[in-house]
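Colleague: Letter by letter, the chains look like this.
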Amino acid sequence: MRRYLLLRLLQSLLTILLVVMVVFLIARIAGDPVTLLVTFDASQSDIDRLKQELGLADPLPQQFVRFLTDAARGDFGISFRTNRPAMQEVLSRVPASAQLAGFALLISLAISIPLGVLAAVTRGSLVDVIARFFALVGQAAPNFWVGLMLIFLFSVRFGWFPTGGRGGLDHMFLPALTLGTSASASLTRLTRSAMLDVINSDFVTMARAKGLPRRTVIFKHALRNALIPVVTILGVRVGVLISGSVIVETIFAWPGVGRLIIQAINVSDFPVVQAAITLTATSIVLANFLTDIVYMFIDPRIRYVRS
Amino acid sequence: MSSTEVLGARRPVVLRRAPSPWLAPWRFVRRYPLFPAIIWGAVIVFAIASPLIAPADPFRQVLTDRLQPPAWSEGGSMKHVLGTDHLGRDVFSRIVYGSRVTVTVVLLTVTASAATGTFVGMLAGYFGGTVDALLMRAVDFQIALPALLFGVMLSSVLEPGLRNVVVIIVLFTWASFARLVRAEVLSLRERDYVLLARAAGAGWVRIFVKHLFPGVLNTVMVLATLEVSVVIIFESSLSFLGLGIVPPTVSWGAMLAEGREYMSVAWWLVTIPGLAIFSVALAGNLFGDWLRDTLDPHLRRSA
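So the protein lines, in turn, are chains A and B.
Start counting the first sequence at 1; every next residue gets the next number (our numbering).
Start counting the second sequence at 308; every next residue gets the next number (our numbering).
Check the hints yourself; a few may be wrong.
What the hints assert, rightly or not - Cβ pair distances, simulated, as ranges:
| id | chain 1 | residue 1 | chain 2 | residue 2 | range |
| --- | --- | --- | --- | --- | --- |
| 1 | B | ASP439 | A | ASN200 | 27 to 37 Å |
| 2 | B | ASP364 | A | TYR295 | 53 to 63 Å |
| 3 | A | LEU153 | B | ASP439 | 49 to 59 Å |
| 4 | A | LYS51 | B | ALA349 | 54 to 64 Å |
What the hints assert, rightly or not - Heads up, incomplete: computed chain B residues facing chain A, CB under 7 Å, no partners named:
| id | residue |
| --- | --- |
| 5 | ALA451 |
| 6 | ILE540 |
| 7 | LEU589 |
To be verified - Take a look, some chain B residues computed to stay more than 12 Å from chain A by CB distance:
| id | residue |
| --- | --- |
| 8 | ALA356 |
| 9 | ASP364 |
| 10 | ARG367 |
| 11 | MET385 |
| 12 | VAL388 |
| 13 | ALA454 |
| 14 | ARG470 |
| 15 | PHE515 |
| 16 | LEU533 |
| 17 | GLY549 |
| 18 | ALA564 |
| 19 | THR601 |
The set of hints was computed from the structure by calculation and includes no laboratory data.
A virtual CB, placed ideally from N, CA and C, is assigned to each residue, including glycine.
With these hints in hand, go ahead and build the complete structure from the sequences.
Modeller: Right, dumping it as structure tokens:
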């Protein structure tokens with residue numbers, strides 16, 4: 001078990017290293033950062049001097065090692081736009097993003113698990129059809145469209161919620177609902193099919209045969225086992241959810257990391273883009289790692305099989 | 308097989324209710340891919356015959372006709388069935404022309420990523436060992452990367468436009484094909500007909516083409532169909548952010564982004580392109596489910 005943990009940790013660290021490398025390489029495709037820093041009339045010797053100063057004249061691998069060691073210390077350079085350290089810019093946006101993503105995750109779990117369970121135990125009923133319809137629709141609806149339609153209906157038409165910005169719970173409801181839509185849809189589908197699998201297994205039949213109340217069978221015997229695949233996929237969904245915040249935060253003018261990425265891209269503020277993408281991608285890799293650990297604890301079979 | 312099954316003692320806990328007649332339309336939709344056929348049929352016809360179908364030039368601006376609502380809405384007319392945008396351009400014509408981007412992107416990306424992924428998966432599964440280990444690490448890495456996030460970053464440094472959108476989407480979708488194909492090939496390569504072909508001296512190219520490919524084709528087709536919605540949403544998200552297909556090329560994602568500014572006065576500018584993206588994606592998923600159930604009845608229960 002310890003070996004498996006160690007192996008997964010090593011894998012996650014390697015992924016993070018590769019993430020940093022991809023971020024570094026993409027930024028290099030963008031062209032020479034120096035051209036962004038100098039004025040049009042700068043002479044070639046000025047440019048060369050600046051390159052020397054910034055270390056851009058060194059070979060690429062050397063530049064990468066420097067980028068990596070700086071990144072490990074959280075140093076991604078200075079934001080072109082605000083002249084503050086890029087990482088500081090990003091970190092100041094993290095609480096807003098974390099709040100939104102956390103709330104979105106809560107909403108999607110609160111929708112998908114009860115709905116999935118209800119659909120499975122009343123298979124073929126109207127509730128089941130509604131759940132399956134929701135699962136289909138939720139996965140096909142792009143979140144920018146869902147967000148705009150929610151704004152149109154509940155903010156513009158009915159005026160129940162603010163159209164954007166950060167504030168109380170009412171500000172958070174629509175963006176969190178939007179961000180959680182596709183996660184809710186796929187988790188509903190998964191909970192339903194996992195419940196159906198478990199319900200038809202021998203130990204559930206046994207529990208029923210013993211005369212246990214229906215509720216005990218569903219929640220104690222069936223649901224606890226059905227949640228195992230749900231937890232597995234949760235890590236993946238958290239990743240999708242966090243990347244989705246790029247769009248949802250932009251639509252709702254939510255002052256988080258996702259919106260910062262788009263704002264920084266629009267003004268070619270590369271240090272901030274690099275810092276934000278590295279941080280977000282790292283948090284997604286860590287979320288996957290944590291899911292695996294949780295998975296290992298709730299499903300003892302994994303511990304034996306993999307070690 | 309457990310003994311309980313043989314004895315017939317195994318019963319579902321929950322009683323099956325008699326199918327409700329009210330849900331007959333739903334069952335019909337699930338049984339036949341009628342909805343996907345209609346939607347995809349329409350979109351493909353739109354894309355091929357855009358100039359014949361579109362009632363107006365999608366680029367022509369008539370400022371006196373700006374923000375006309377759709378025909379069924381108050382103040383709308385049949386002249387502009389789906390209304391006009393903030394520059395007086397005909398929305399229906401723009402939807403028709405926008406379908407070209409959707410169809411092109413879907414065809415190119417799904418074919419390219421299915422082909423790449425299938426080849427990589429076959430190599431990994433058939434040769435095993437170091438080849439397998441290396442290729443599968445690449446697959447794991449691609450799957451671990453948040454696609455939209457890196458897609459956004461990559462497209463911000465590349466020239467916007469169709470070619471780069473296709474490249475970006477393929478980069479982030481091939482791995483799921485590779486993973487699935489590898490798993491299938493692992494069992495296929497031990498089959499007698501493959502072993503016999505090898506014993507007869509067939510090279511790996513021949514074995515791939517003649518013996519392995521037909522075996523994985525069903526799986527690849529199902530996944531390819533299910534990937535359609537992923538690709539469409541990816542493309543329209545990039546275009547919506549102004550990083551994918553950019554004007555003057557008409558795309559549904561960019562239409563939505565433009566219409567967003569006028570949402571409070573012109574609901575149709577956001578609703579209609581969104582509905583177009585949504586229906587094509589939904590049709591893809593429905594068709595994929597149907598294809599899986601049809602090609603592989605074992606999976607039907609969990610669908």
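Colleague: All hints are to be evaluated individually against the structure, with a verdict given for each.
Modeller: Quick rundown of the hints versus the structure:
| no. | hint | result |
| --- | --- | --- |
| 1 | B/ASP439 - A/ASN200: 27 to 37 Å | holds (35 Å) |
| 2 | B/ASP364 - A/TYR295: 53 to 63 Å | holds (56 Å) |
| 3 | A/LEU153 - B/ASP439: 49 to 59 Å | holds (51 Å) |
| 4 | A/LYS51 - B/ALA349: 54 to 64 Å | holds (55 Å) |
| 5 | ALA451 | holds (5 Å) |
| 6 | ILE540 | holds (5 Å) |
| 7 | LEU589 | holds (4 Å) |
| 8 | ALA356 | holds (26 Å) |
| 9 | ASP364 | holds (26 Å) |
| 10 | ARG367 | holds (26 Å) |
| 11 | MET385 | holds (25 Å) |
| 12 | VAL388 | holds (21 Å) |
| 13 | ALA454 | violated (7 Å) |
| 14 | ARG470 | holds (15 Å) |
| 15 | PHE515 | holds (29 Å) |
| 16 | LEU533 | violated (10 Å) |
| 17 | GLY549 | violated (8 Å) |
| 18 | ALA564 | violated (8 Å) |
| 19 | THR601 | holds (17 Å) |
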